[in-house]
Amino acid sequence: MSSLALNTGLKALLTAQSKLETIGHNVSNASTAGYSRQSLEVGTSPTMRLHGLLQGTGVQANVVRRTVDSLLQTRLSMQGSLVSRIDARVSGLSQAEALFASGSGGLDQLFKNFFSSLSTLSTTPEDTHLRSNAVQSAANLSSKFNALADGSLNIGADAIGRIQAQVGVVNQLAERISRLNGQILSTESAGAPANDLRDARERAVSELAKLTDVKTVEDGRGALRVLVAGQTLVSPVGFKQLEVTTDGRTDISIRVEGGNVDMAISGGEIGGLLSVLRDFLPGLKSDTDALARNFILEMNRAHSTGMPSSGPMRALVGSSRLVDQDSDGQVTDELLSNSGLPFDATSGDLFVNITDLASGAMTKHRVPIDAARTTVQDFLTALSRVPNLSASVDGQGRVEVQADSGFGFDFSPRLDVAPDDIASFGGGRASIAGGASEPYALALGSTLDFNGPLGAFSVAFQPNQFQSMGQATAEELAAALNSDANFQSNGLIANTVGGTLVVQSSGSGTSQSFTVTGGAASAVLGWAPGTTVTGKSLGVNPKISGTYSGAANDAWTFRPSADGTIGSTVGLKVDVFDQNGVQVAQLDVGANYQPGSEIEVRDGVKVAFGLGDVSAAHNDLFRLDVLADSDTADVLPALGINTLFVGNDAASMEVRADLLENPELFASSFNGASGDGGNVLRLLQKSESGIEGLAGLTFESNLTGVVGGVALELSSAREAGESEEFMRQSLESRRDQVSGVNVDEELARMIEAQQAYSAAGEYMRVVNQLSSDLFNIL
Amino acid sequence: MSIRPTQASTFALVQNSMLNNFSKLVDAQAQVSSGKRFQRASDDPVGAARALVLHSRADANQRYVDAIAGGTRELDMGASLLQDADGLISEARATALGALNGTTNADDRRVMADQIRQIKSQLLDLANSKASGRFLFAGTDQSASPFSASDVHGFARTGYFGNADQQQLLVGGDQRMAVGIPGSDIFAAIDPRGASFEGLTGAASGTSTDQGTGAVTLFVRHDSTTLNIPGGVALVNAGVGDNLIGNHTLSIDPVAGTVTLDSGPARGLPSVGSSSYADFELTNAQGDSVHLDFSAWAGGADNGSVVGAGSMSLDGSNWTAIGGASNDVELIDAATNTVLHVDETGIHRAGNELVSFSGTVNIFDALESIADTLENGSGLTAKEQEARVRLVFDELDRNHDNVTAALSTLGARSERMKSLESDYGDLDTDLASQISRIEDADYSQVVLDMMRAEQTLQITQSVGSKLLQNSFLNFLR
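Going down the list, the protein sequences come from chains A and B. So that you can map any letter, position 305 of the first sequence is 305 in the working numbering, and since no number is skipped, the others follow by simple counting. So that you can map any letter, position 223 of the second sequence is 223 in the working numbering, and since no number is skipped, the others follow by simple counting.
No wet-lab data here; the hints were simulated from the structure. These numbers were taken from a predicted model, which means no experiment stands behind them. Positions of the beta carbon are idealized from the N, C-alpha and C atoms, including for glycine. Wrong hints could be hidden among the right ones.
[Claimed, not checked] Covered, in the sense of this in silico footprint (three residues per stretch, anywhere, with C-beta under 8 Å from a C-beta of chain B), are these stretches of chain A:
no. : region
1   : 536-545
2   : 666-677
3   : 704-712
[As the list claims (entries may be wrong)] In silico DMTMM-like links for lysine to aspartate or glutamate, alpha-carbon gap of 20 Å or less:
no. : chain 1 : residue 1 : chain 2 : residue 2
4   : B       : Lys418    : B       : Asp59
5   : A       : Lys285    : A       : Asp251
6   : A       : Lys686    : B       : Asp66
7   : A       : Lys606    : B       : Asp191
8   : A       : Lys543    : B       : Asp185
Just chain A, same shape as in the assembly (with noise of 0.2 Å):
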């Protein structure tokens, strides 16, 4: 019996040691994080038949378990991933709000100097000093959005630079959860629980959870399968390394070993930087170019259509360079539209003012762009036939408009004073238009027959001078009589008006004069034969003033109402149509009308005729262009001529370096005086206007919008980060709850092993006592 008491005694002994040892361990463990208490499991030994008895064998030790709640494991896991994918983010978000923070020196305040530079400058517009004020504040603003450009570039590259570090922490954590695997399963194998080795397993996912996105599976056996974004990262044999390949700078990619399919990676610190990296930062970037672009495009509009204060320029060197889209070694042969401009040119109008330098006297003429069309050479051709303006390519890809000696040009949509130039209205020359504008159906054989100072000579039209004779422009028409011999050695020259045939003596005075005789021209001219003009010493001369403040271009034919002397003829007036034939004003010109005295036409426009004969009879008529904008194909944008700035988003955005060392060459002029600061106000005036390139919203609230939308997703993902953190918070304290070490439970179970270890002891003793005290009766 001694035997077997003995050692019921000493599994007694043995089981309270183990339970000493297990809340050793508890409790040595309490603050390791990670740690899953464990407890002894203990079972009664198994019952032996003695003497007919059942008799118990004692306590035994069976186990030493931990105690988890593997999903609530899972889940802490889960939401650790989420937290750090946030924190990730509003890392890279806070770096983005302090690039684009506003106040002193940010982009709001930069704008602010920018405009208030012009308002300054539009009180005294010939000041050089408040000028080259203006010019440096716009370098300032250029460089400011470089500097966000470089900016936004650079978190990303810090981006970058963060997940190739943790991606290099994944691939470790991989080996080791590989690791942990194996000697888990051998340790198991053996038949008991592996309870530190799976412990430090769980920690190593958490690990891995910070930092991506995981799924754990766990096989019969105990080993477990890692996925990160849908691929096996460890398996129950083995594990693969994460492999990154970057630029550096905008994009990474991350893949399995070996594998070819980039890892759409959502979750952990890895997952926050990518979402930075791939969604903010381009959204940001595009918003920061979209307000770049359309920044520069506005201010390029108004001020490639200003002059310096100097008045018209000579020569001008555009800052694009076109490219050669088809590769065949030149530029000239792409379409104006699809040369690879910063800007897009459309299809619309250019106007080019040209102005004698000593007379001040200047022509407007209007070079037509069709985007389907027009190319580069049609271009540089339909500019260089401007008179005295010659456009060509440089051999860095850049359009140079130069005018020749004497003269000037510019793009101002300011009104022509003078714009009867070819003197048809009532002017010096004998003069007499066609009764109606091209196109004219001429036949073949059509002549038209003059009595000129030098006898009757027919004009005969040759099929080969008209790109088809029954639809001859005015144009074709008077190259048609300009080179006939008999046309040129009377005297005579063709000119056009809007499309409008005019025949005329080229010198004026009364001694001048010529008869149209006939010719099947004629009639589709429809002049009467027998018509006879004569010159006049002093012409009407119309002169225009005023600034035109319609909405629309337009161009506005004047003509008289019927034949007469301004300021004489009783009820003689002048009727104004718009470039549709639209009566838009009449003017009265009659006896009540001073010569020289100004008649407002309509919208700011005003026009004071001199005194002179005018004839209907003769379809006297000039033309007048009205702008509101002077360049409706953006072809000055485009080319980078007379701009403000160069480039075409935030990162590329200049001044053009010419205006910059010398400002003097900022267009401030509207009409080239030199103390018009009308260009200033009209550059001053886009930063209140809504911009159609920005969904009509101006600027600065664009620019509100940018800061705005940065800081309310930095605000939102804050406060998810606080949630989520505090959901993970409360996941801890319940894990801490099933799993934690409460040491006071550990002390309280400590007294009652050490309690059964003394009650073990002394039933040894009682049970040694009882086998001495029989020896001793033996």
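Add chain B to chain A, keeping to what the hints say.
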């Protein structure tokens, strides 16, 4: 499951709540020290965005206020100069009026001419004034002084070399406001009303409309004289030196001993042998004159006619003969773009006829013309001088009116500017208070928050330390 706290979770709890309360304290502290309710835009994205919008509006406001301040300065400067101009013109007018009252002699008039010239030169300085390096009355053409001397067919004139534009400022959205008035509208406004003649030669305005600017001179030249009178009286030097043009009557009355041209006055006949006997200048009341030689005179009573032929010209080089019958002779000076229609029927003598294109003579030319007339270099009679002065008087008054009108325009603009400025001032206050409401920390609130955070932190610390001290161990001795 029953709550099973552990030391680790208690510790984490205490730690978290301390961190939480401490960050609240730091937050409140930052608000107190910066005075701002939020330090970063993300602290209050909506507020920050609204503040940014308000700031940009306030900035635009400030730009307008600055522009208005600059504009008002220029307007006030211009107004004060025009006030002076107003005084000067009144003075010139009074002086010229004084010269016409009949009690002045030629010397007095020369002095007055000097005074008027002086006024003109002061006025010219004034019209060429600069304010902060800018010609006030040059429009937007700042390349040269707006008014300077120019020469028209040998006559000194003052021309305007600025432009007719007005300098503008942006005083709101797309609201522009003109600040300057170009000198051409003040001192040289053109409001053509046709030509008027001083009446020296008898030439008058024709029936057709004329064209021209300022005062031009119609040159009327005497070409030859024909004498139709019996009795031996002859012309001197074939009529060279006469100035009469057209038909005149001549009567010699030996009984009364007088000779009369037209209606007089009758002049005494020269005595035989006197120097004037062979060259007697006979003039009528209008100053028409003919030189007569009495050497071969028979001494009888004679009545006849004397006819002068002449030509007229605007530029002194292209001459048109005076036929005497047309009431609408067209004269053209292509160089100055002048067209003048002359009624030649009344022309009775040669001379330089001052023709003023009413409504086109600038103030300087008007003053110069008055001074010139009073100085009387061409030897006009008092009556002729008066006619000339009166001719430009209207122009003086018209220019005076323009100066006064410009003054009131400037005044009205200045008023408008001031009212705009005060509007913007109100708006600015309003914006500032809106911005403050969004951005600025409410001190009493923030300080209270800070104290609360501090107290809570202290309580957390003390409770935490007690909580962490509790252990079964303390009782196991």
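Hints versus structure:
1. Counting residues of the region 536-545 of chain A whose beta carbon lies closer than 8 Å to any beta carbon of chain B gives 4, which reaches the threshold of three, so the coverage claim holds.
2. Counting residues of the region 666-677 of chain A whose CB falls under 8 Å from any CB of chain B gives 7; the rule of at least 3 is met.
3. Remark: the region 704-712 of chain A is confirmed as covered by chain B, as 7 of its residues place a Cβ nearer than 8 Å to a Cβ of that chain, reaching the required three.
4. As the CA atoms of Lys418/B and Asp59/B are separated by approximately 19 Å, the hinted pair is consistent with the 20 Å bound.
5. For the hint linking Lys285/A to Asp251/A, the alpha-carbon distance of about 14 Å falls within 20 Å, and the restraint holds.
6. The hinted pair formed by Lys686/A and Asp66/B meets the criterion: a straight-line CA distance of about 18 Å does not exceed 20 Å.
7. The hinted pair formed by Lys606/A and Asp191/B meets the criterion: a straight-line CA distance of about 15 Å does not exceed 20 Å.
8. Of the supplied pair hints, the one linking Lys543/A and Asp185/B holds, its CA atoms being roughly 17 Å apart against a limit of 20 Å.
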